[in-house]
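Chain order of the listed sequences is A and B. Take any residue in the first sequence, note its place counting from 1, add 581, and you have its number in this note's numbering. Take any residue in the second sequence, note its place counting from 1, add 11, and you have its number in this note's numbering.
Treat the hints with caution; some may be incorrect.
Claimed, not checked - What follows is a list of derived Cβ distance ranges for each label pair: (1) K696/A / I295/B: 34 to 44 Å; (2) D758/A / V360/B: 51 to 61 Å; (3) N18/B / D758/A: 34 to 44 Å; (4) I400/B / R795/A: 57 to 67 Å; (5) R423/B / P680/A: 14 to 24 Å; (6) R423/B / E611/A: 20 to 30 Å; (7) N18/B / A701/A: 14 to 24 Å.
Calculated directly from the structure, the hints in this document are not laboratory data. For every residue, glycine included, the Cβ atom is placed at its ideal position computed from N, Cα and C.
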Amino acid sequence: MNDIILKADNIIKYFYEPEKFQVLKGISFEVKKGEFLALVGKSGCGKSTLMYVLSTMDTDYEGSLTIKDTVLTKQSQNELAAFRNENIGFVFQFHYLLPEFSALENVMIPALKLKRYSRAEIEEKAYKNLEMLGLKDQALKRVTKLSGGQQQRVAIARALINDPAVIMGDEPTGNLDTANTQIVFDIFRELARERNQTIIAVTHDDDFAKNCDRIIEMKDGQMV
Amino acid sequence: MFSSINNRISQVHLTSDVKQTIVAMLGVTFGISMYIFMTGFMSGVNDTQADLAFSALAHVRIYNDGPADNSNIARKVFPDDIINVRNAKVIKYTDGIKNSTTILSTLAKQKDITGYTSQVNINVFFKNAGNKVNGIVSGVDVLNEDKVYGSSKHMIQGNWNELKYRSDGLFVGVELARILGLKMNDNVNILTSDGVSHNYKVIGIFRTDVSSVDKTKAYVAINAARQLLGVNQDYVTDIQIDMVDYNNTQPLIDNIKSLIPYKVESWQMGNQQLVAGSSLRDTIARAVSLTILLVAGFGIYNIMNMTINQKIREIAILKAMGFSGSDVTKIFLTQAIIIGILGGCVGMVLGYIISRLVNRVKFEIAGMYHLPMTYYPHNYLLAFAFGLITTFIAGYLPAHKASKIDPVSILRG
Ligand SMILES: Nc1ncnc2c1ncn2[C@@H]1O[C@H](COP(=O)(O)OP(=O)(O)O)[C@@H](O)[C@H]1O
Ligand SMILES: [Mg+2]
Chain A
582 MNDIILKADN
592 IIKYFYEPEK
602 FQVLKGISFE
612 VKKGEFLALV
622 GKSGCGKSTL
632 MYVLSTMDTD
642 YEGSLTIKDT
652 VLTKQSQNEL
662 AAFRNENIGF
672 VFQFHYLLPE
682 FSALENVMIP
692 ALKLKRYSRA
702 EIEEKAYKNL
712 EMLGLKDQAL
722 KRVTKLSGGQ
732 QQRVAIARAL
742 INDPAVIMGD
752 EPTGNLDTAN
762 TQIVFDIFRE
772 LARERNQTII
782 AVTHDDDFAK
792 NCDRIIEMKD
802 GQMV
Chain B
12 MFSSINNRIS
22 QVHLTSDVKQ
32 TIVAMLGVTF
42 GISMYIFMTG
52 FMSGVNDTQA
62 DLAFSALAHV
72 RIYNDGPADN
82 SNIARKVFPD
92 DIINVRNAKV
102 IKYTDGIKNS
112 TTILSTLAKQ
122 KDITGYTSQV
132 NINVFFKNAG
142 NKVNGIVSGV
152 DVLNEDKVYG
162 SSKHMIQGNW
172 NELKYRSDGL
182 FVGVELARIL
192 GLKMNDNVNI
202 LTSDGVSHNY
212 KVIGIFRTDV
222 SSVDKTKAYV
232 AINAARQLLG
242 VNQDYVTDIQ
252 IDMVDYNNTQ
262 PLIDNIKSLI
272 PYKVESWQMG
282 NQQLVAGSSL
292 RDTIARAVSL
302 TILLVAGFGI
312 YNIMNMTINQ
322 KIREIAILKA
332 MGFSGSDVTK
342 IFLTQAIIIG
352 ILGGCVGMVL
362 GYIISRLVNR
372 VKFEIAGMYH
382 LPMTYYPHNY
392 LLAFAFGLIT
402 TFIAGYLPAH
412 KASKIDPVSI
422 LRG
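The shape of chain A in the complex, shown without the other chains:
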């Protein structure tokens, strides 16, 4: 059994604006299934950039990326979109929600797109995820009516809805207080241990990082 879920091989990326600049300088690493990984490093070292590559959204890089034994490098945008929908849950540094929808609908949308379950099942699951994150009574509110921390938790609930193989977070607890950070950490911990889901989270929180299975540190676009 191959228990490597994600493999990055010599990832190199340049930015061309305002001038040519190498952000990622050949990053290679593997992540095992069910592993809870923390990505740390100084601000500006390229963590977010790497996460966009790993999440398959950014296709403008050199090297190769394999998730779940699927080589994703050079696949078309539409194939990648379908792959993301099913296999990757992403929590952005800034909570990107759809402002015209309720918290519940925001959580449901990726599952309605995937169509693995019926609408009723999806709704039930979305409620459960929101409840887990302490948002049950906010479910029907428009997300614009929620506080920053609440919105961040809605984004986390959304990332979990399709039971993705890999959950990626770019400072997912950045806007949360200690209590909520603890909740999110516990959820991630449980997902990794009990459901064998893989977590890769960028964090500045030392306590958060310390309790992970493994810590990867980046410096100036390289692993240390």
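Once you've looked at the hints, dock chain B with the ligands against the given chain A.
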């Protein structure tokens, strides 16, 4: 399909900024209602023109065009030689149509004909006391003439059907009556070019609103006209035919041409100016309304573009969550199509209302009372279809642009 997540997103987009949706919809509504009004009005004008023209004109006419020019018979045998025949003349063999019964039985077998009538038309002088006026006496088959021309509608005095029973009776055009100073029951003398003269009694006066007819024409029963010429019961000068569709006369002409040894002429051949006028009006109506639709299309295009620029982050989020480019196209195209359908339905109703209102504007010329208008369902459907096509195109371009949005470049900030 209707409950799919893409449609749900389209619906939320449309309802979260209702004002913008309504503005976009009104563009379509305006375009379609103007299209309906313009085409309704123009075809109303064309129909009125046709009614007016066809009160004095049949759709197809059969008559004797005169003998073929055989004055240079030698040329037919020796086409390449120089042959000079001095003082050649076209010899008059026949006049009018001699065997009308066989022609009428040929016509009876044709389809697409709604009616036909025989006439004996004679150039005459009308004389009353000292007045002498040049004109035409038309000997008519009373019942069929009314069927083809609706002549009974034009009677302002007297009763059309009475002509059948009065071999000395005559209907006279209103202008002709004025020129000759004729009133009901006056006598009028008629003189043919062969020098035959006969007295008739005025038993009716008509007005067609076509002044050349009202000024020169009189009706008598067809047998009275035959008597005047001294010809037999089979003789007619013209056979006039009315068809189901006056714009489609050619098939009939092609059918009967070889069966009938006389000139078969459609109204289009004899009246190019009417054909030109009506097709010019159609062209103008189409050009104007398509321009309006185009402007409406630009409106939708702009609004959709604006919407997509406003929602660029949301589009990026959708794509980040796994929506494909074609999902995004569908989401925005659905919005455009819904705007098109709603705007189109309201536009058809508004177009109908505008048409009704304009149709009530007084316009009292040439036998009309109000501005003419038609309400053909096919014009409404066409307007709706054009509206939908316009919104589809105007919506597709921005929607396609939206589908190409690269999510990282937006989300990275
Ligand atoms: N869109 C961009 N264009 C050019 N340079 C960028 C862009 N995004 C980030 N950078 C640069 O790339 C480097 C890494 O950025 P980022 O990955 O956001 O760092 P981190 O998330 O570790 O703080 C920084 O120096 C940043 O200025
Ligand atoms: Mg960052």
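Hint numbers contradicted by this structure: 1
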